[in-house]
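Protein chains in written order, with the UniProt record's numbering: chain A, 1 to 418; chain B, 1 to 870.
Among the clues, some could well be false.
To be verified - Derived contacts from chain A toward chain B, CB cut-off under 10 Å, selection only:
#, residue
1, 18
2, 30
3, 281
4, 285
Calculated directly from the structure, the hints in this document are not laboratory data.
Keep in mind the model is a prediction, meaning the values are calculated, not measured.
Glycine included, C-beta positions come from ideal geometry on N, C-alpha and C.
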Amino acid sequence: MAPHEIRRPFKRRPISDQQKRRELSLLRQSQHRSDAQQRARNLASSVISLQSSSSDVDPEILFEAVPELDEGTESESSSFDVRQASRLRGPEARKWFARQLMLPEWMIDVPDNLSRDWYVLARPAGKRCFVVSSDGTTVSRVRNGSILHHFPSALPGGARKKGASGPANSYSILDCIFHEFDQTYYVIDMVCWRGYSLYECTAEFRFFWLQSKLAETGACDPPSFYHKFRFSAVPFYNCDQTGLHSAYTGSLPYVKDGLLFYNKHAHYHTGNTPLVLIWKDESCSQYVIDTDNNGEVPNQQHIVLELQEEGKLVTSDDPPVPFSCLNADFVKQSGLLSGSLIRFAIGDGGLNCVDGRFEKADLQYIGVSNRARAFADSYSKIMFQYMARHSPLKVEDLASTISHENQQDKTPEVEMSD
Amino acid sequence: MAMEVTQLLINAQSIDGTVRKHAEESLKQFQEQNLAGFLLSLAGELANDDKPVDSRKLAGLVLKNALDAKEQHRKYELVQRWLALDMSTKSQIRAFLLKTLSSPVPDVRSTASQVIAKVAGIELPQKQWPELIVSLLSNIHQLPAHVKQATLETLGYLCEEVSPDVVEQEHVNKILTAVVQGMNAAEGNNDVRLAATRALYMALGFAQANFNNDMERDYIMRVVCEATLSPEVKIRQAAFECLVSIASTYYEKLAHYIQDIFNITAKAVREDDESVALQAIEFWSSICDEEIDILEEYGGEFAGDSDVPCFYFTKQALPGLVPLLLETLLKQEEDQDLDEGAWNIAMAGGTCLGLVAKAVGDDIVPHVMPFIEEKISKPDWREREAATYAFGSILEGPSADRLMAIVNAALTFMLNALTNDPSNHVKDTTAWTLGRIFEFLHGSTIETPIITQANCQQIITVLIQTMKDAPNVAEKACGALYFLAQGYEDIGPNSPLTPYFQEIIQSLLSVAHREDATESRLRTAAYEALNEVVRCSTDETSTMVLQLVPVIMLELHNTLEGEKLSMDEREKQNELQGLLCGCLQVIIQKLGSEPTKYMFMQSADQMMGLFLRVFGCRSATAHEEAMLAIGALAYAAGPDFAKYMPEFYKYLEMGLQNFEEYQVCAVTVGVVGDICRALEDKVLPYCDGIMTQLLKDLSSNQLHRSVKPPIFSCFGDIALAIGEDFEKYLRYSMPMLQSAAELSAHSSGADDEMTEYTNSLRNGILEAYSGIFQGFKNSPKTQLLIPFAPHILQFLDSIYMEKDMDEVVMKTAIGVLGDLADTLGSHVGGLIQQSVSSKEFLNECLSSDDHTIKEAAEWAKHAITRAISV
């Protein structure tokens, strides 16, 4: 029997860095596992709440939910349950629902590889909305979260009707534009289909799925007793010369409001994304330049910015793009609070911007913005509007980019044959 | 045959490889053809005093190896084989073994002792060989002394092999009596006394009842204390070993003896041979360990209802103990910092001092400060080093408030010593102490920062300078930098390290490239510090981290280009590969999300290529690191990871098959989860292979049990990713989950470790159920899950009734209840309403303080309401 070893660690850390890496990995994995689980659960509860929200509102929970959202950071609010969100009211609800939609940036320069990586489609004029079908009913909500229609539809689970719509508990979420004139929901994107989430799928797949699945259900049929509104998939094209031409000039059953460009590889990303772009000119949209409350185009461009602490003015982007500052005394005098949305006109000094930052802007204070607004303008919107007034991006520019790309693609072949 | 065995056993130890190999093969053949005959002739060989010592010793060893193995599965086989032998063979072998205890040859007796203990380890739990203990005890009263010595040794080994609950208390008493009598000063033979003392060390676990009896305990303690004064050094050492073991096993019984023990240990530390002094110090270290544990439990519970009260032995001993330990610090060995295996009285004393500080907190400071102040500037390096070491040792334990002023005053002195002290030893300890300062007194929880704008530059400059010093000193400087960076972990968007970031990274890379970087762990320390600096960096420096990517990749590439390397070089190469993969893993996690993700992912293809090549090298550590890095990469890449799967898949499978290096297996299981979440349904083509491996892993007896819970969780990840396509795996996975669930529902209570394992198993099972339910949600195949619902609800009910689940299990369990209701809806409404879980358990969770449990419970409530309302 030998004596027993008693050596203790000497001048050593209790755990090695490798062990630390191992533990951090495990932590990360279990966090992601519970996120994935949470997402799966929320998908279901979103449906429950969206259709039952009108009937059961617990005032106590309403009281609780609002402050929770206030202190919520970006990550918390994105995991925030739709069930609770449906109990929100006013600006909180608007903010929440607006976050659920993918919002295009305005096209201020032409992306690379347009013809290879992008789709183009003509955006129908109308109200952008989220359409959810489940448990025998269909609800559409516009961007600010208020209900547009509550109706039966031929979407999966969209009407109380036995038959082809599949199992009772299946549900779908569509990204649509409601076109007043022909009372049709034009579907521009598919978010969930028969309970199957498409959030993490590429646009390429979502569009394919949308085109092939929507018609199967009879949702594209004319209205009937169990199907109050017609749905229609918006045609989309590869963004080559032909595709761009078809989207831009092609005749469609709806009034156009600009062109939407979707990056084929992009997932359904809630909030602003540079992977979906909107572009407009006079010949494909009635509303190129923003109008004021009376529907008239003002002489000067109006923009809305958010006031932050110390008088900083920023856009709605994430991260926000800073503009100039408001004078502290002025802020005090006008009683403006940080977080307020403020309207400005752009004066003759115009906008000057370098590398995505505003160097100089001639802003003229107008006042606090309309209360219905949830957000300040985005950088791309301000720039697009400014360009539209001064040196717009023309459809010819898009076309020439595409043809230039095609030539570049061909160049190596030419060299090789030499 | 017997003759032949002797020759074979001698040949098996031949210097001539061919002879040796031939003999080994013959022995193996013999064993396979006739196990009983083989074991019997080995025992006969061992017992035969006419045979050569070498063949007898090897016979005993082979016999021992035929009874026990380290690896659990193999061990079980051997036990079954022994139990299956016919009784007459076993009786003959036992008789041979007992006879050998009387052999005049000491080595042979000792071997027989160990074999007897192994046989006892198998047979006593089966109520076989009942006469063994009685016949051993009868030997005790025999002469000659060498038989007595061998018998005591056997009793010692027996106590080590056998669990106390299979030995009757009457026999326990007799064994202890024999052992303690053998230790008594009245025993004239030193060999007997030594054997008895060592036997007591092993038998202490059996003495629970005896330690509860005041008289018996007094007697045992008196004999042990007397043995510490024996003229024979080995006996003194063994007696102190007993005291060390008593310190942790019977802490709460020591109050009556602690003053005497202090006197004995103090004398030993000051005057005795180092081997004895080390044990005497270890006694106090063990007491500190106990008190630190008890006080931690108090601290955590607020109620102070720990099973064992704290007697504050350390606190009471402070006035005598601290000076004693400080004296030892002056007995350093010249090159102890250069020798990885060194362990001496100065090191033990300092370590103990650190534990004392942890156990008593602020109270230690006044006892140590005069020593430090007196010696820190002395011309003799031993005094300066001892003072610094004392200072470094007491930094963990006392409050920041108590230490802050002292540390602030010392900081400049230390930085100066690091630059100017001529002694390598002093610099080593000084750099280590700086690291301790940053570890315990720098960070977001400390009110007044040690590192300020005024001194930050100087600190970093000195550390970087020190990294060019001798490898052992440079290694400590890297360690200090590690903690310096760690302290800024949650600093927010602006880190004070930003201005120095580039310089720090450059310096760490140069250190890693030093020619002598493989000495003193220097290279490892440099990469570890680099990792921590990157981990704690902010967005301000992300471009610089991006620039690091090609640098580390190039280094990894270079390790893969190695020419023909010697074993030693290859080992170092593999170690480096592990470090570089670890570094890349940290970088991936730093850069793999917005806004750097896009830029970073440009390197992904190349990086993945390198990781795959690492799998071509044989090194478990490197594999594990590469695997962890790939998991992080999969998360960053998302669905794009699909393109790597065709090539990566075979290594994934290899990892899942690696039973021996179970860490690799465990890490790979985690990566399967990452991949499922990244690829979602695109993982489907690989699922047949993965599921097959995972099911094999679960059925394996060889795989370390800690890997099994994560495998269950992994089922959930797969089901969630592929949804209803999991259908084909249901018939394999569900029965496994079910039987594991049954096992884990009730196998609780044994000890803390077992309860913890049971809970991790439950959590894995529940995560699997969650994933499966959510995966099948809204599918027409939901029906397939209905038959499993009763069992799952029963499982939930039974773990609720057991009342020993932790918060994690509670949250997962209530979530499963919701998932079940959500997916199966009205099909199980009635069943749910009958379950306890849907009422008491749910209510308990709804009123939980833990908001994650509450949230999961609210979700479950909602889902249940819906399920039963339809």
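Return the status of the interface hint for residue 18(A): holds when the least beta-carbon distance to chain B is below 10 Å, violated otherwise.
Constraint on residue 18(A) satisfied, holds at 6 Å.
Against chain B, is residue 285(A) within 10 Å by beta-carbon distance?
violated, 31 Å
Are residue 281(A) and chain B close enough, Cβ to Cβ, to be under 10 Å, as the hint says?
Violated: closest Cβ of chain B sits about 30 Å from residue 281(A), beyond 10 Å.
Using 10 Å as the Cβ threshold, decide whether residue 30(A) counts as touching chain B.
Hint on residue 30(A): holds, closest Cβ of chain B at ~8 Å, below 10 Å.
Hints 3, 4 from the earlier list are contradicted by this structure; the remaining hints agree with it.
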